[in-house]
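Visitor: Could you fit the two chains together into a complex? Lean on the hints.
First to last, the protein sequences are chains P and R.
For the first sequence, this note's numbering gives the first residue as 29, with consecutive numbering after it.
For the second sequence, this note's numbering gives the first residue as 10, with consecutive numbering after it.
The set of hints was computed from the structure by calculation and includes no laboratory data.
Be aware that one or more of the hints could be misleading.
Residues from chain R shown here face chain P by an in silico Cβ test under 10 angstroms; the list is partial [unchecked claim]: (1) 248; (2) 332; (3) 355; (4) 791; (5) 861; (6) 929.
Built from N, CA and C at the ideal position, the CB exists for glycine as well.
Residue-level listing of the chains:
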Amino acid sequence: MTCLPAKTDKKLGLVIDLDTCVGCQACVTACKGWNDQGYGAALSDQDPYGADPSGTFLNRVHSYQVTPHDGGTAKIVNFPRSCLHCEDAPCVTVCPTGASYKRTEDGIVLVNEDACIGCGLCAWACPYGAREMDDEAQVMKKCTLCVDRIYNENLPEEDREPACVRTCPTGARHFGDFADPDSTVSKLTRDRGGVPLMPQLGTKPVNRYLPPRPKDRPEEASLLAPLLDIKAQGFAGWLDRMLGKLE
Amino acid sequence: MGQPKIDTSPKVSDEIRKTTCYMCACRCGINVHLTSGKVSYIEGNRDHPVNKGVLCAKGASGIMQVTAPSRLQTPLRRVGPRGSGAFEPISWDAALDLAVSWMKPLRETAPEKLAFFTGRDQSQSLTGWWAQAFGTPNYAAHGGFCSVNMAAAGIYTIGGAFWEFGQPDWKHTNLFVLFGVAEDHDSNPIKIGIGKLKARGGKVIGINPIRTGYNAVADDWYGITPGTDGLLVLSLIHCLMEAGKIDLDYLSRWTNAPLLVNGAEGPEKGLILKNAESQPFVIDRRTGMPAPWDGQGVQPDLGAVWQGHRTVFQHMAERYLSDEYRPEAVADRCGIPAARIRGLAAELARAAFDQAFTLPITWTDFRGDTHDQMQGRPVSFHAMRGISAHSNGFQTARALHLLQIVLGAVEVPGGYRLKPPYPKPVEAHPTPHFVTAPGKPLSGPHLGYVRGPENLALKEDGTPWRIDKAFTWENPFSAHGMMHMVIPNAHAGDPYRIDTLFLYMANMAWNSSMNTTKVMEMLTDKGPDGEYIIPRIIYSDAYASEMVAYADLILPDTTYLERHDCISLLDRPISEPDAAGDSIRWPVVEADRDVRGFQSVLLDLGARLGLPGMVNPDGSAKFKDYADYIVNHQRRPGVGPLIGWRGDGTKTGRGEPNPDQLARYIENGGFHQAHVPEEASYMKPWNAAYQEWAVATSFFETPQPYLFNIWSEPMRRFQLAAEGQGFIQPPDHLRERLKVAMDPLPVWYPAYGEDGAEEYPVHALTQRPMDMYHSWGSQNAWLRQIRGKNFLYLPTKIWTAAGFVDGDYARVSSPHGEITVPVAHMAALNADTVWTWNAIGKRKGAWALDEGAPEAKEGFLLNHLISELLPARGDGRRWSNSDPVTGQAAWFDLRVRIERVGPQEKAQPQFDTLPRVVPKGEGR
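This is chain R alone, in the form it adopts within the complex (with noise of 0.2 angstroms):
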């Protein structure tokens, strides 16, 4: 029998539009084919910086996120009681004309009454800008319960952070290290680089209490325990200062290590000293004496002793030397044997140093000083939310920084590379601005840098200005805002009450709020007079989550393929370490729904609030939707959200509004870059060439040299103060915390949870899977077959212990509350750990699921077990479960007790079934 003809040449589509993905926060490139108007396939693009043709499962399956059942149809107006999901549909006119209703008087009496928080939104350049210009200082989006320690502890310490604002040198780089990586963020660019490196013979290695994805791959696996990465860190440096294996050129000429440090006891203790100019200085070895530290030709004495002042270098080795941080004392609470510890320290040595090489390029630092070539240390790091979500997830970050730093290996050819806009020294970040007049907007920008007491956000009577009480003594450089405190302050009054919560995009009723259960309850609460404690509440998302039924007011979103945006410079930008760059989404398909991107709403919320910016002098609408805006907008004169195709087409960073813009991006693929001169590739903050471009591209006016900041100077302004000095003063009761939590020099403390450690043995964990987005996934055809369940993943010890086996229900307490869950065994595992998949439980009702979804059913969230606010102390405070420097929710001190239950029907706690704003799905 012949073989039958087949047709190996079939048409793929009538057309290929080029947009950008938002299946995750990672922004590909995609390719949108669309087959008779509708969207029939889509695949990565190949001239995309961010994924150069790859795409993950979430991408791949963006198709089922566009024609979800879930997807919200219209406005809705709440007619029956908040939470009860009765809801009457009204026009977009009614809508806007009742949120205006609501808003303006707020504006013209209080506007701190309004609170506007976002979720994973990635558009806060306008949303900050538009809370900006209403006047409210309650304005953040939600990385205070995301990344804060993560941003802030990189920003203070080189002027950059992990997350995606950098990448190792995957081209030259031999060593990779992974702490705590979460797999939703870069992680196509991630995995990219993982292959190649790979491909090389490089080596991987994963320091992570879970052993998945890039920890399953990885070469080697140190399996930590959790909150403990700082104090491995810190005997990493021990281990390589006690050897002589560190980089003292590197730190001479590019770190604040040959700075002074004032010893003199006063106002002025633990300052860098400064001179008659008030410009610190370092002792010149060519002659002993002061010189400017940023002299040409100036050889910085990193052991200086000048005057009784000691250099910082002195106080790094002091500390790191000491015996507390011996492998052999740290092991046991590492859950790492000291051998294992020493070891890594001495292939980071060989790395860094037996391997290290130069790339023959000549480049011009600050001081004038011309370098005819540039050293390379092959070795890298990277690390996320594991590190970071614990309440010493700051000084752990900045430790790992300092790590890369004593490795020169940050900047360097083979090490961690920067990507425009940063690095960005904290001097060139704004300060908090939050003081709030009737019918005024702010004057900047409500989130900043914080340099010292002065700059908090507290009145005059010591009360915060913020609803969150960002930037106060609690935490004070809550760079991020803190979202999850804003619902419990709120309804707790404390500091003050609101009146109109406006949300966008955060599932605050499920998966993004700490205390899940109570956090409904507050919601829905009344006061003695009847009325909601939370008087008025609006919402905006594509789709019906969880959140939906406790809202006022619904405002439907757009999917990602059916809207404009902007991934901007001024914002989270797509660059590459050699290249700026940014994009935009753009309708592919038109939206066969009464709905709107939410960006244009807010534009047109503004323009009938009469905000400044929003209206012409006439009182008509400045923009016509979020489209107009991202063209015409200018944030300074010539600098708008989009660098690329300026003026008359031909300009790049600075110039006019392009009509044509908007064209120019699509005809390019959604997307623009400006690339980095190659003499100005590496050592970017020191590096002349690279302060001029990023000038010329519009990051700077001037240009920004800076040393890193091993010694962390408003840090130490808080600790001066929790000392006693200065006019501003900490409340007491959280002096001896700052004492502790504003060290200048990077330390280990053990996290706030460790406290109930007696009762409560076990960590616990939640990690997000690489084919799951937050709570989005399950409403995905696709992905919620690949995982619609999720159990709680117990270690070999705890397993075997309790005579757990397959089919197993566990109860798991915490000092905060109790849930009952599947189990399955894992013996690739921290041995006092447990786990599971993020927000892969759902309520019923919610996202269009079936009641029986084991989303729903068996699907559980550990969000049950987490408070916002620390177990009472018998202080009468309200201590919060948060980072003492940033506020970063502490999701990952969470300890637990495990009791096996045996098989059970499903999860426990179940919720009333959510009653449904959209009909619940059929058939795809």
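One chain only, chain P, in its complex shape (with noise of 0.2 angstroms):
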């Protein structure tokens, strides 16, 4: 059992704009790569070239179809998926090792995989889904915010974001503080109606979504009005009409 603090000085997490995402997945490989070369363990994979890869990546994006009751037109909602950095995070209270932790000064939740043993416990505790064990490490892996590009002096100061935010092609990934009421994230949350993952959990996420802007509404102002009349008038009649306009 591993306690969280009480309070941290930074909440830092992610706004993810439902609206802008077009499943590219570029972030998906983007913090792949990073991640393969970066905090902790390699995200290795297993059988990559044959009948059934699999490996480790710590965001994915789902593609999710929507079809109103009301008969109105299907949607597609694409959505990328990665720890949400809960205040209240249930992975790191399973953990019996104390290897997962929620840092005091910016919240971000880690696993210090030095002390993790690989059970497992903290992915079956996230509601999220967001952990994944690395096969060939036997360490739990998962999202870390890139806390080692975020403040990193050898990155130059607009690097220091996490992979995901810096390669998303449609700017639908934000990063910042959101203890900040005048963050870009705390700004867009409040501006967008951005909403916490399943807050009835109780765990608390600091990341925010971004809603999918209403879609497909009929179009409300007036159609075009024709001219004139044109099957009396006739086609000169038309034309008439139009080049008086142009003087």
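Guide: As structure tokens, this is what we get:
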């Protein structure tokens, strides 16, 4: 049993805009690429050219289809999924060795791989399926919010953000401090009605999702009115009326 | 317990080398991190004009492409029967000697017997130049089965195309409408643009039978029936014209709408009326008299009738105001209710006219008239393969350009903007060159833009010069050639037999051919003499694709991080509307195998063959390798493959070769940009400042202002011929088809696939996911975990009617063939359309994958259902399954029938396991 900090100085996390995520998977492989050579053990792949390849990914994108009950147009929602860095993280409190912890300075939920015994309890405890056991290293892997990028003095300042945010082509991913009401992530959450994922579970996720804007709304504005009754006035009448406008 | 201390500032890598991505055709800038001499991480280059730092799923997985077990290792020579996979490794010298021993006699006796076709390469200015020097007329890249309707319709209409050759004015557009966009070209720029537009509160409309990707985030979606986009577009034009919501000023000044169409019976009927100096003219509204089309101060009268000749605008109004284009008349066919069509027209009008704005940019047009502002129309369009891979695709693409034009939304603030070297009128492009003589180069480039029947590649006896029958009456404007017809025609000996088929990076034995099964047979078929009907096949690729097994000689290429390349203004550059741009690749890591960059090999072959331009007077090789060529080749004096840092390093566009040029590119992140002056940034075809800049930057030798061609005179010339006018006459069986297809005003006709609609009621499409590129993705350890399996997606109507359940397979039949494949349900789909992801299906044994790989077991291609020929009509002719204007492969005309067959073990058809030319991949 591991304790959570009563309060963290910052609440770092992501805002993910479901209105603009096209499901391109860019964040998935940017994450894989960075973390394969970044914090802790590499992200291994099993049977990568075989019949049933499977590997460790800290971020995955799923596509869901939404079919309105009223018979409206069906929609696709692309949904990136990674650790939400919960304030009340059950993956931390369940950890028998203290390997899982939430950092007091910024709230990032991390695994101390040296202390991880690979028991997998945290993955069972996480209701979001955000943790993956690496088959080769036999340690639990999860999103670190690129803790080895965001403070990294070897990177140009503009690159000190998670790899998924830096790469996102549509700009659907935003990184920042939710404890700061003036941060971009706080503002976006306010302006766009950002929501936590399944708040009823009581885990108090830090990350927020911006819901898709309403789509496929019937045209409310008036339709175009014909210049005149072409049948009655004829093509020549239309032409006269049309070109009269040029004067 | 205290928190562990962690290093939050680890060293990232030893070195960053900046080059150009090649995981698709986007050509993004990448930072390749190297640690201990090996690639350790790849990210987007923030300074790069294409991707501005972002990178897609493929680009970020490039590290897996450089280590893929499918990489070819050494040159190979076939030693067993073709297709058996029996190869022996040989040295490069032996490989090149062998190739020369095949090619040299052909050049000396019958150069056309070498057919050289390239796939997805980006070095067509080199490969085309090489083929021209060899003297074969049989050269093209893969545009004929990919994009030529889009390219040609754009060039013939606005002097530039969609695809990556232009883009919306992302900064100012409010409404962005996408038609049938494939998500594999220009994809990062479009994604960046959509993100920006949405952040500004702009609106995206998707018109596509399938709602994935960009269409999933579209604020409004029209699930159109495939092949009817042109009809929808013309109906929108009907609504806009009927309501008077068209930009008359724009039409009268910048398009050929005010030119007069010759109304007199005879050989000139329907051509643009010319004056005594052979110049088109307009009627000036100030005088009612003829005036030069480009005269200063002239105010062209759109509605003029002069001596019985009517303006193009009059013809437009007559056609598009007619009842056949009323929304109510097209709704059923398009699968979109009439009210929705009218709503869309209203939205377009509102964006273009109610939200119109001006930019305070003073500019002077080609007539000499100065304007103190630029009129903005914040509505923009983009379109790709979805609308063009149909047998009505050329006319459909032209219709879409016409829609942009009537809204006054091309090359204006807020609208669609072309990227240098475009805009470029048809007249500034070459015509096709094809006349062949032993031992001689062709007199000019192979591919070009036909102006009339006199430019067709036909011999005196009426037979085609080219093996693919490009530039013939069957497809007069085949500006990209017709790669999909090369193997079938060579096999049929129609129009003649060839000796050596030389292919680069084109997986013709699998996903890049229609009629895949039959093509594999054609490649191994022997004649009565026991010899292969296609006697020799040379293939170059970096990877063990399905095609490799069918070659006699393999020239292994490098991966993209091990090579030099140039992304050139002479070919397909990386320009932006505000800057011409080109870029390079350079070996950021050395190849660890006995492989060579194909372009260097091609230059070596050229030198060994003694081709003009590739040898010194003493017969020695002129270029050491491709890098040497990139720097020192001059296409015209002072104009070479790259525009940056020429001469002493200070010259852009024109200047003598600079030995330090590549070093300067590398210092600058691998690219160069030449910025368009602000006053030249819009209205480019007519903007004197732009025209001057374009000449200075080497695109033109003289200014080339032009009018947009609403009425296409080259098309009308073919229609005239079909009507019996002129000395050069089409065969009788093509007359009726030409009269319809070569209509000089955009028109819609049903796609040829509709012939089978009764028996095969369902449309079948493929599209490419954003995380895969052609067949390459499956060999990538990361990408295949994301998408290792494809399903045939069925709409609710078909799913429920046949009682499909999860885990089922379906038998899918077309007039040509039958496949059995796994299915899945998708509601966000046109009700009469099924689709799947393209090129996920693999042949067992290819790409170093396990025989049991899902790509090979359950993965499938629709290609087996599509023939390169239309079903026989009993007239003894081979009718190509292509657009009748350009010859573009009509992949998306496919009609099928779907039957439920319940759960199955694997997809059908299955083929024998391909013999391995590289070992099966194990760990990463």
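Visitor: Each hint should be assessed against the structure and marked as holding or not.
Guide: Hint-by-hint comparison with the structure:
At about 6 angstroms, the closest approach between the beta carbon of residue 248 of chain R and any beta carbon in chain P falls short of 10 angstroms, and the interface hint on this residue holds. At a threshold of 10 angstroms, the smallest CB-CB gap from residue 332 of chain R to chain P is about 9 angstroms, leaving the interface hint in force. Interface restraint check for residue 355 of chain R: the shortest CB-CB distance to chain P comes to about 5 angstroms, inside 10 angstroms, so the restraint holds. A least Cβ separation of about 5 angstroms between residue 791 of chain R and chain P falls short of the 10 angstroms threshold, and the interface hint therefore holds.
The beta carbon of residue 861 of chain R is positioned within 10 angstroms of a beta carbon in chain P (closest approach about 3 angstroms), and the interface hint is therefore held. With 10 angstroms as the threshold, the beta carbon of residue 929 of chain R comes within range of chain P, its nearest partner Cβ sitting at about 7 angstroms, so the hint holds.
Every hint from the earlier list agrees with this structure, and none is contradicted.
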